[in-house]
Amino acid sequence: MKPNIQKLSNSMQYTIWMPESPVSNILIYFHGGGLIYGTRNDIPYALTSTFLKKGVEVIALDYPLAPNSSLNTILETSLQSFLELYQTIIKPQNFNYMLCGRSAGSFIMFLLANQIIKLNTIKNPTKIINFYGYYDLKDSNRSKKLTDKPISKELILSINTTNFIHDDSALSRYPLYLYLVEKGELQKAYDIKENKVSKYSITKEELKKFPPIFSAASISDKEVPFKYSKSLKDLSPNNVFYPLYYLDHDFLKEIDNPQVQKVLQNLENWI
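Residue numbers (the UniProt record's numbering): 1 to 271.
The reader is advised that the hints may include incorrect statements.
To be verified - Simulated pairs of lysine-lysine, DSBU-like, Cα-Cα distance not exceeding 30 Å:
no., residue 1, residue 2
1, Lys253, Lys118
2, Lys199, Lys127
3, Lys193, Lys183
4, Lys138, Lys91
5, Lys199, Lys145
6, Lys127, Lys54
Please keep in mind that the hints were generated in silico from the structure rather than gathered at the bench.
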């Protein structure tokens, strides 16, 4: 299960994990981090193993990070990356594929899926897996204090916010994310104006056209409203939702928790 790192023509990188059994499906994964920080390699071993056991090839994909890149650039690059993977890996073998996102990665995933469905020129994903994500930016400018530790202005100024970056393996940009969330300035970091927020929203009618969606979120999530994941279940009888209780937003980090293990078992059965 040794990962293999590859590079796309747009300079984005991706990591592949191959199952020991013949490939039956492909999964493309988008990491979390508020579009500000994070790395494609944050996918937990237990989650990767869940897919590999089912013969699913896992591809974790980079995308540009804000505010160094605008949200438009992030989404355009993600579509370019996906289309290249589709043409070089998915289409030649006639594989089915799934999309998986985690928090902000789910936001990218949902918008990408919507674009694919609207394009109507390539095969749609067969399933979508959403861990505590969202499908619009209505909550993005709400000020949230996610840490009791003071964040110094000097630390924020020391973080590069201009040069192009698409991977934050050391998670060194995490303080910047905390700062922007506390100030309610994520939309500014994404280079979008408040009157343009609806451009980055997916309607309930559009979501009804999606393939089956698996969602899981914690009811005590302080970063992303629980209602996003919960609401998806009501849109289609094919959608499933698993609530977790009294865990943090990013509960996939708590892989030894019985609730998390149960969610992964449910996911394995659902795949």
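Now for the hints, and whether the structure bears them out:
no.: 1; hint: Lys253 <-> Lys118; verdict: violated, 34 Å
no.: 2; hint: Lys199 <-> Lys127; verdict: holds, 24 Å
no.: 3; hint: Lys193 <-> Lys183; verdict: holds, 16 Å
no.: 4; hint: Lys138 <-> Lys91; verdict: violated, 35 Å
no.: 5; hint: Lys199 <-> Lys145; verdict: holds, 27 Å
no.: 6; hint: Lys127 <-> Lys54; verdict: holds, 14 Å
The earlier numbered hints that this structure contradicts are 1, 4.
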